[in-house]
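Asks: One-letter residues, chain by chain:
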Amino acid sequence: MADLSALLKAAKRFDQDALEKIFDLFAPVIYNYALRLCQDPVQADQIVGDVFSKLLDQLNAGKGPRTNLRSYLYQIAYNLFIDQSRYSQRVAPIEIVEFIATNTGSVQTEIENRALLDTVMLAINNKLTEDQRHVIILRFLEGLNLKETAKIVGKNTNSVKVLQSRGIAKLRQVLSEI
Amino acid sequence: MSKKFVPTESNIQKLLKNLSADKKSYPKDMLDTRRAAYLAQVTSVAGSGLHPKKGNGRGQGSSPHSAAPMTPLMKVVLVALVAANVALASYMAIYAYENWDRVQVLLSGKPTLSEASPVPPEIFNQAPELEATPEIAATPEGTITPGSTPAPTSLSEGDPQPSGNDTSDSPQVDSSEPDSTPEPNGKDQPGKHLGQTPHGPGDQPGQSDQDNVQDDQGKDKDKDKKEK
Chain E
1 MADLSALLKA AKRFDQDALE KIFDLFAPVI YNYALRLCQD PVQADQIVGD VFSKLLDQLN
61 AGKGPRTNLR SYLYQIAYNL FIDQSRYSQR VAPIEIVEFI ATNTGSVQTE IENRALLDTV
121 MLAINNKLTE DQRHVIILRF LEGLNLKETA KIVGKNTNSV KVLQSRGIAK LRQVLSEI
Chain V
179 MSKKFVPTES NIQKLLKNLS ADKKSYPKDM LDTRRAAYLA QVTSVAGSGL HPKKGNGRGQ
239 GSSPHSAAPM TPLMKVVLVA LVAANVALAS YMAIYAYENW DRVQVLLSGK PTLSEASPVP
299 PEIFNQAPEL EATPEIAATP EGTITPGSTP APTSLSEGDP QPSGNDTSDS PQVDSSEPDS
359 TPEPNGKDQP GKHLGQTPHG PGDQPGQSDQ DNVQDDQGKD KDKDKKEK
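Protein sequences appear in the order of chains E and V. Following the numbering used here, the numbering of the first sequence begins with 1 at its first residue and continues without gaps. Following the numbering used here, the numbering of the second sequence begins with 179 at its first residue and continues without gaps.
In case anyone wonders, no lab produced these hints; they're calculated from the structure. Check before you lean on any hint, since a few could be wrong.
Restricting the straight-line Cα-Cα distance to at most 27 angstroms, the calculated cross-link-like pairs of lysine-lysine (BS3-like) are [as the list claims (entries may be wrong)]:
| hint | chain 1 | residue 1 | chain 2 | residue 2 |
| --- | --- | --- | --- | --- |
| 1 | E | Lys54 | V | Lys201 |
| 2 | V | Lys202 | V | Lys192 |
| 3 | E | Lys21 | V | Lys206 |
| 4 | V | Lys195 | E | Lys161 |
So the derived label-pair ranges between C-beta atoms look like this [claimed, not checked]:
| hint | chain 1 | residue 1 | chain 2 | residue 2 | range |
| --- | --- | --- | --- | --- | --- |
| 5 | E | Ser53 | V | Tyr269 | 53 to 63 angstroms |
| 6 | E | Val162 | V | Thr186 | 17 to 27 angstroms |
| 7 | V | Ile272 | E | Gln58 | 48 to 58 angstroms |
Here chain E is said to cover these stretches of chain V; the calculated rule only asks that three of the stretch's residues, wherever they fall, bring their Cβ under 8 angstroms from a Cβ of chain E [claimed, not checked]:
| hint | stretch |
| --- | --- |
| 8 | 194 to 203 |
| 9 | 208 to 215 |
Glycine included, every Cβ here is placed at the ideal spot set by N, Cα and C.
The following block holds chain E by itself, in its conformation from the complex (with noise of 0.2 angstroms):
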């Protein structure tokens, strides 16, 4: 945490080690936060782009985190989902959704633990609302607590809570109908 104090203040100063270090080390995470909101990889690497250029933008400004960069990262990123979605009313390809199901594999997982998480992952992405979608992406998948969940996505923590409560509802339904 205090390194990530440190970096932050180096990047204020427009020092292009610090910046070139953030790139490196929130890139790989935003992707991941991207393609789990959009499903395409295209799409999730221009995010980062934008995420990044944005960044930059609001340093030169004067602006941008005080404390807090990752979820700042994730927030820039959040909105810039919210407002290509809004203008793109798209469902996922299925070609997108079985590309996020053959490349989920993981060397510790079992054939049936992998079906089962790819059923909770299609359940995320079909099933919930975008509310409770993007809470549950941030607070179980990305690890965010409830309070930078609550930034990210602009609401207050109980509101936060409440879309949590009834995503998981929502998840132990489908799960419960397999």
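Place chain V on chain E using the hints.
Replies: Below, chain V without anything else, positioned relative to chain E:
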């Protein structure tokens, strides 16, 4: 495991956490391209010098338009400049108060009565010609024969024309008609403008040509006596 899975809330949360460990790797070609573009943007912004400097904790240095701190010498110079400006403004205000009529004229652009010329333009233009007449300055002493000499140029001058007998110690004088100021349009009307000899008794009431000649001769004699 899926058959044994009971969808309780805690189990679903554990399942989601297992799902969080399942991360997709950023494709290397995409990552390299994106990183190169980002570093190029960093270099361009840092090289342009537009990035903000570190502030002093009071919010003054966070803006890219923040000014450099002033040195004591700069403060002294600034105070002196301000004082000079105040003094100049005060002087101008006092001057304008004391000469308000002139200021009004300057503002309105119209001349006042004091600035207008008291002499009519035609008289003012002809007066220098009287003074510049060469016969007046170079008039030698001598006697004037009323019948043979031309009429004097002006009654006020009183310088007689030299006679033909007294040419030894006096410069040569042209015996022709003395020049008078011609009329600008070429029509010479005697007595109608300054610098021209009147020709009739009616032009100079109360004084004839003979009287004028005698007065001039008397004055010349007095002048000769004084010189001797």
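Asks: Each hint: holds or not?
Replies: Status of each hint after checking the structure:
{"no.": "1", "hint": "E/Lys54 with V/Lys201", "in the structure": "25 angstroms, holds"}
{"no.": "2", "hint": "V/Lys202 with V/Lys192", "in the structure": "19 angstroms, holds"}
{"no.": "3", "hint": "E/Lys21 with V/Lys206", "in the structure": "17 angstroms, holds"}
{"no.": "4", "hint": "V/Lys195 with E/Lys161", "in the structure": "17 angstroms, holds"}
{"no.": "5", "hint": "E/Ser53 with V/Tyr269: 53 to 63 angstroms", "in the structure": "58 angstroms, holds"}
{"no.": "6", "hint": "E/Val162 with V/Thr186: 17 to 27 angstroms", "in the structure": "19 angstroms, holds"}
{"no.": "7", "hint": "V/Ile272 with E/Gln58: 48 to 58 angstroms", "in the structure": "55 angstroms, holds"}
{"no.": "8", "hint": "194 to 203", "in the structure": "holds (count 10)"}
{"no.": "9", "hint": "208 to 215", "in the structure": "holds (count 5)"}
Checked against the numbered hints given earlier, the structure satisfies every one of them.
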